[in-house]
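K.L.:
One letter stands for each residue in the lines below.
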Amino acid sequence: MRFKGSDTYVATDDLKLAVNAAITLQRPLLVKGEPGTGKTKLAEEVAQALGLPLLEWHIKSTTKAQQGLYEYDAVSRLRDSQLGDPRVHEISNYIVKGMLWQALTADTPVVLLIDEVDKADIEFPNDLLRELDRMEFFVYETRELVKAKHRPIVFITSNNEKELPDAFLRRCFFHYIRFPDKETMERIVDVHFPGIKKTLLREALEVFFEVREVPGLKKKPSTSELLDWLKLLLAEDIPPDALRSKDRKTIVPPLHGALLKNEQDVHLFERLVFMARQNR
Amino acid sequence: MLTGFFLKLKQAKVPVSIKEWLTLMEGMQKKVIGPSIDEFYFLSRTTLVKDEANFDKFDRAFAEHFKGVETLLGAEADIPIEWLLKQAELNLTPEEKALIESLGGWEKLMETLKKRLEEQKGRHQGGSKWIGTAGTSPFGAYGYNPEGVRIGQDRSRNRSAVKVWDQREYRNLDGDTELGTRNIKVALRRLRKFARDGAPEELDLDATIDKTARNAGYLDLHMRPERHNAVKVLLFLDIGGSMDDHVRLLEELFSAAKTEFKHLEYFYFHNCLYDFVWKDNRRRHAERTRTAEIMHKYGHDYKLVFVGDATMSPYEILQPGGSIEYHNEEAGAVWMRRMLDVYPRAVWLNPEPEQLWPYRQSIAVLREIMGGRMYPTTIEGLERAMRYLSK
Ligand SMILES: Nc1ncnc2c1ncn2[C@@H]1O[C@H](COP(=O)(O)OP(=O)(O)O)[C@@H](O)[C@H]1O
Ligand SMILES: [Mg+2]
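For the record, the sequence lines run as chains C and H.
Just so we're aligned, residue 1 is where the first sequence starts under the numbering used here, counting upward by one.
Just so we're aligned, residue 1 is where the second sequence starts under the numbering used here, counting upward by one.
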């Protein structure tokens, strides 16, 4: 099994290499990078390219490692017993399988995505170490050992909000997706809008990268915003000329609300353009 | 040679473990990569480095270590993987050693290899990429796969003349460089880590019992947010000088992390701490806070963070009346010591480059007063400071 990239996703050579290392050596791949750099999409693409099912475990600040294995719903069971429900005698009725359990026991190998691991508590990755290493765990309530039929291909993403523990890191391959440069971004756009006019794309990218450089933005526009914006530009049939200017800093680009989603950022941006115009 | 690379990484303070090193060896044995030094670079980076802040250190160590190999083989050539592996084993068998000797020694062997590569380049003009045929070449006899040697001329359309590791693309992610807008997020992350402790939810037993009782004995669970972190900080910022930009950056940094602290209070001072500080820099003469009052008001579980360049005349620290702002009855050093007695957990963050410190007398004095706990305002320095504070 080897990932060679796909028609719908632009993967750099080092990224492909990291993915293949993770597949061959059966270790998780930790993917880091700012939001919108295609971390989540990567797992989808690899699953699709290899023809494997994708299981997604989206992590929240309250997610516990145990929830990936299973949860014993003692509360329902207690309620059922108080209500005299016969289900109560079968403890396995109250075991809820987590994503990792499903991944281990699926009929084919799967791709397991543990998305935004840094959202959870600092202890979360450590609590999963053993299970990710051995690909098995014990269910105390039913005295059952859940063992991998096939080792899943594991992708873990992080937005870099929190430090991850060393012991965890040592077990993973690591890839940092840098924000795409212009050339890479052109290729990404091309994947999404194959027919886009070269002139429009060039002007749009100029504007996009300039907006990203505006100091003090709370949220710099990412690939997702660029794609949204281009979609609007195309839908409205905005000509490339509308984006071009001798002194670009003095115009507000059309439909800029798609690039800057935060209201304060929009204000800041408009104010800067206004000031640039005054000083002309 | 590869073991040398491992040691070089250690030397360069890239935190690599044996476990990861073995994974790299495994990756090479299982042919994750082809016979290319570029691929070897990527594989070793994805295996050994788990923080982009260390990429630059890694790049430098890589460049330094493999420069020798490149001068031997020429920058255009790729390195045969078997050769790298062989080097990993480090200890050649006596037969292999004898073989190398019979071929004129290691140096000679490499020299020949290099020449071969050049001849090959000339002969094939962008045609076949492969060199030599098995059996006839000494490299075959030596046990390399001669077909593993490849000339990189047409390997990749957009291959740049400069090696990836020589481009130093991750320079501004290095923890030792100064804080700036680019790496401020990383710094913030470290700060948050310091501010946080505890999981967000726990069972509220009292409420559960109470509600369950009211619910005619039917279980009614109640959760409550776990007590938030307990870290309390007093931040003292030196303002009104050449360091303003740096100070502002740190101020921003702390205020960005403000919600993570239980309490965070700011005060400004100028050069050194005396009997007064102030909260609003524009009204520094009108609205002052007495330092004694602070010590009274905030408990000794608060942690102190001073930010300043500590660069002044030593008199400003050591003499009564030394302050350039007003006449201070007692020396700055006296006030510093008083504060440190009340708040034993204290650090000083200094935006001046650490290499300069030994040349400034006032820095030495303040550092001494701080018991050595002065840290540069690099990510790495910030981390050391926070580590100390969270002890
Ligand atoms: N390399 C890429 N190739 C193709 N599309 C990409 C790429 N990187 C990002 N995108 C697009 O940007 C959007 C955001 O990607 P996503 O995976 O959600 O980012 P992240 O998980 O890193 O925040 C995706 O919908 C995808 O279409
Ligand atoms: Mg995502």
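It should be emphasised that the hints constitute simulated quantities derived from the structure, not laboratory data.
Honestly, I wouldn't trust all of these hints.
[Claimed, not checked] Here are the computed distance ranges between Cβ atoms for each label pair:
no. : chain 1 : residue 1 : chain 2 : residue 2 : range
1   : H       : 211       : C       : 129       : 35 to 43 Å
2   : C       : 150       : H       : 18        : 23 to 31 Å
3   : C       : 5         : H       : 18        : 42 to 50 Å
4   : H       : 364       : C       : 56        : 50 to 58 Å
5   : C       : 161       : H       : 344       : 25 to 33 Å
6   : H       : 30        : C       : 129       : 52 to 60 Å
7   : C       : 216       : H       : 26        : 44 to 52 Å
8   : H       : 364       : C       : 129       : 29 to 37 Å
9   : H       : 30        : C       : 213       : 23 to 31 Å
10  : H       : 354       : C       : 262       : 21 to 29 Å
11  : H       : 211       : C       : 216       : 43 to 51 Å
Think of the CB as a built atom: it goes at the ideal place given N, C-alpha and C, for glycine as much as any other residue.
K.L.:
Should the hint that residue 211 of chain H and residue 216 of chain C are 43 to 51 Å apart at their CB atoms be regarded as holding?
P.N.:
The hint (43 to 51 Å, Cβ to Cβ) holds, given that residue 211 of chain H and residue 216 of chain C are roughly 48 Å apart.
K.L.:
Taking 35 to 43 Å as the hint, is the beta-carbon distance of residue 211 of chain H and residue 129 of chain C inside that range?
P.N.:
holds, 37 Å
K.L.:
Just tell me: holds or violated, for the beta carbon distance of residue 161 of chain C and residue 344 of chain H against 25 to 33 Å?
P.N.:
holds, 31 Å
K.L.:
May I ask you to test the hint 52 to 60 Å on the CB atoms belonging to residue 30 of chain H and residue 129 of chain C?
P.N.:
For residue 30 of chain H and residue 129 of chain C the Cβ distance comes to about 23 Å; the hint is violated.
K.L.:
The hint says 23 to 31 Å between residue 30 of chain H and residue 213 of chain C; measuring C-beta to C-beta, is that right?
P.N.:
violated, 43 Å
K.L.:
Falls inside 29 to 37 Å, the C-beta gap from residue 364 of chain H to residue 129 of chain C?
P.N.:
violated, 45 Å
K.L.:
Between residue 5 of chain C and residue 18 of chain H, is the Cβ distance one that fits in 42 to 50 Å?
P.N.:
violated, 33 Å
K.L.:
Given the hint of 50 to 58 Å, check if residue 364 of chain H and residue 56 of chain C actually sit that far apart at their C-beta atoms.
P.N.:
holds, 56 Å
K.L.:
Verify the CB-CB distance for residue 354 of chain H and residue 262 of chain C against the hinted window 21 to 29 Å.
P.N.:
violated, 37 Å
K.L.:
Given the hint of 44 to 52 Å, check if residue 216 of chain C and residue 26 of chain H actually sit that far apart at their C-beta atoms.
P.N.:
Distance hint for residue 216 of chain C, residue 26 of chain H holds at roughly 47 Å.
K.L.:
Lying within 23 to 31 Å: is that true of the beta-carbon distance residue 150 of chain C to residue 18 of chain H?
P.N.:
holds, 29 Å
The structure shown violates the earlier hints numbered 3, 6, 8, 9 and 10.
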